[in-house]
Amino acid sequence: MAEAAAPWAAEADGVTLWLRLTPKGGRDAIDGVETLSDGRAVLKARVRAAPEDGRANAALVELIAKALAAPKRAVTIRSGETSRVKKLFIAGDPAPIIDALARLAPN
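By this note's numbering, the letter at position 74 of the sequence shown is numbered 89, and the numbering carries on one by one without gaps.
Please note: incorrect hints may appear among the correct ones.
[What the hints assert, rightly or not] Quick list of the computed label-pair ranges, beta carbon to beta carbon:
id : residue 1 : residue 2 : range
1  : A65       : A110      : 30 to 38 Å
2  : R118      : E77       : 31 to 39 Å
3  : P86       : I45       : 15 to 23 Å
4  : I45       : A25       : 25 to 33 Å
5  : E67       : P111      : 29 to 37 Å
6  : A27       : P86       : 25 to 33 Å
7  : G41       : V100      : 14 to 22 Å
8  : D46       : K87       : 32 to 40 Å
9  : F104      : E49       : 17 to 25 Å
10 : A110      : A20       : 17 to 25 Å
11 : S94       : A117      : 30 to 38 Å
12 : A117      : G95       : 21 to 29 Å
[What the hints assert, rightly or not] Calculated pairs, DSSO-like style, for lysine-lysine (alpha carbon to alpha carbon, straight line, at most 27 Å):
id : residue 1 : residue 2
13 : K102      : K81
14 : K87       : K59
15 : K39       : K81
16 : K102      : K87
17 : K39       : K102
18 : K39       : K59
19 : K59       : K81
20 : K59       : K102
21 : K39       : K87
Don't read these hints as lab results, they were simulated from the structure. From the three backbone atoms N, C-alpha and C, an ideal C-beta is built for every residue, glycine too.
Given only the sequences and the hints, what does the whole structure look like? Please build it.
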């Protein structure tokens, strides 16, 4: 069986992460990898916060930073501020970030 593509990619100064967020999800958690209908792989995450006034996005940044043991300032949303599917960037050395993501969401 072929391994699914990872929802992250290394860059020179960090890692790009594609993610599908479920706001008002009942708990703050990372729920593994999902393949969207267009074939893209995304990391699934849920937060308790509502998608009002940027609260869900702030909770997402905090969740990802905590899960990767990275400072919150290292995690930024590059696109998808108002969409469920988002493109994030985590600044730092790509190798340990990718290792942490792989442990969080094994394929």
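How the hints compare with the structure:
Take A65 and A110: their Cβ atoms lie about 36 Å apart, and the range 30 to 38 Å holds. A hinted range of 31 to 39 Å for the beta carbons of R118 and E77 is inconsistent with their spacing of about 19 Å. Between P86 and I45 the beta carbons are some 18 Å apart, a value that agrees with the proposed interval 15 to 23 Å. About 19 Å separates the C-beta atoms of I45 and A25, a value inconsistent with the hinted range of 25 to 33 Å.
Distance hint check for E67 and P111: the Cβ-Cβ separation is about 34 Å, which falls inside the suggested range of 29 to 37 Å. Checked against the given bound of 25 to 33 Å, the beta carbons of A27 and P86, roughly 19 Å apart, lie outside it. In this structure the supplied range 14 to 22 Å holds for G41 paired with V100, their Cβ-Cβ distance being about 20 Å. The supplied range of 32 to 40 Å is broken by D46 and K87, whose beta-carbon atoms lie about 21 Å from each other.
The beta-carbon spacing between F104 and E49, approximately 20 Å, falls within the hinted interval of 17 to 25 Å. Distance hint check for A110 and A20: the Cβ-Cβ separation is about 19 Å, which falls inside the suggested range of 17 to 25 Å. S94 and A117 have their C-beta atoms about 23 Å apart, which leaves the hinted 30 to 38 Å range violated. Checking the proposed 21 to 29 Å range against A117 and G95 shows it holds: the Cβ atoms sit about 22 Å from each other.
A C-alpha spacing of about 18 Å is found between K102 and K81, which places the hinted pair at or below 27 Å, so the restraint holds. For a cut-off of 27 Å, the pair hint linking K87 to K59 stands: about 19 Å separates their Cα positions. Pair hint K39 plus K81 holds up; C-alpha atoms about 19 Å apart against a cutoff of 27 Å. A threshold of 27 Å between alpha carbons decides the hint, and for K102 with K87 the separation of about 16 Å falls inside it, so the pair holds.
Between K39 and K102 the alpha-carbon distance is near 20 Å, which keeps this suggested pair within the 27 Å criterion. About 14 Å separates the Cα atoms of K39 and K59, which keeps this hinted pair within 27 Å; it holds. Taken as a hint, the K59 and K81 pair is honoured in the structure, with Cα atoms around 16 Å apart against an allowance of 27 Å. The hinted pair formed by K59 and K102 meets the criterion: a straight-line CA distance of about 12 Å does not exceed 27 Å.
Between K39 and K87, the direct Cα distance comes to roughly 21 Å. Compliance with the 27 Å bound is thereby established for this hinted pair.
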